[in-house]
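Take the sequence shown: its letters are residues 1 to 184, numbered as in my numbering.
Some hints could be false.
What the hints assert, rightly or not - Derived lysine-lysine pairs resembling DSSO-like cross-links, with alpha carbons at most 30 Å apart: (1) LYS26 x LYS72; (2) LYS43 x LYS26; (3) LYS164 x LYS111; (4) LYS164 x LYS57; (5) LYS57 x LYS43; (6) LYS57 x LYS26; (7) LYS43 x LYS72.
Hint data in this document are derived by calculation from the structure and do not stem from the laboratory.
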Amino acid sequence: MTLLIIIAVILALAFYVIGIYNRLIKLRTNVSEAWSGIDVQLKKRYDLIPNLIETVKAYASHERETFESVTKARVAAMGANGVVDQQAAENQLTRSLSGLFAVAERYPDLKSNTNFLQMQQDLTAVEQDIERSRRYYNGSVRDQNILIDSFPSNFVASSFGFEKSAFFELENEGERAVPKVSFK
């Protein structure tokens, strides 16, 4: 009888460990899937930037430093690896884009150009999609990190080498808002 109790306890413990392990795998997969959603939105953003620069260049060709800053920030963001590097690169790109829109503000003809207005709308839509993707990613990271930190699942997580994921956040409160791209 004692042997049956011991076997039952061992089986229950084994099923518990298997359940926690499978849940950790599911959460890690959710985090990866959420990051790929951010990647898709960032690619859309990167694809819009060259057209935006060319449109602004047509009106403000002497603003070379601003164009170079945006181009360099775009290249750095496209080449970033990992959440932390991507976060820093995106912060720099957002600052550079703000400078580009500040330049555009000084050119009334540009502000009324239909191509420029359409690109502004497209960029605004992409920024909103990035924000939604970022929220989904951070929610997935939160769920995974809670399970990794919680007792007793933290023993299973550490035994199988599960590590906490980094949140994808912006540097300061001022950068948390979607960049204003309306010139009306």
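Hints and how they fare:
no.: 1; hint: LYS26 x LYS72; in the structure: violated, 37 Å
no.: 2; hint: LYS43 x LYS26; in the structure: holds, 26 Å
no.: 3; hint: LYS164 x LYS111; in the structure: violated, 45 Å
no.: 4; hint: LYS164 x LYS57; in the structure: violated, 44 Å
no.: 5; hint: LYS57 x LYS43; in the structure: holds, 22 Å
no.: 6; hint: LYS57 x LYS26; in the structure: violated, 47 Å
no.: 7; hint: LYS43 x LYS72; in the structure: holds, 15 Å
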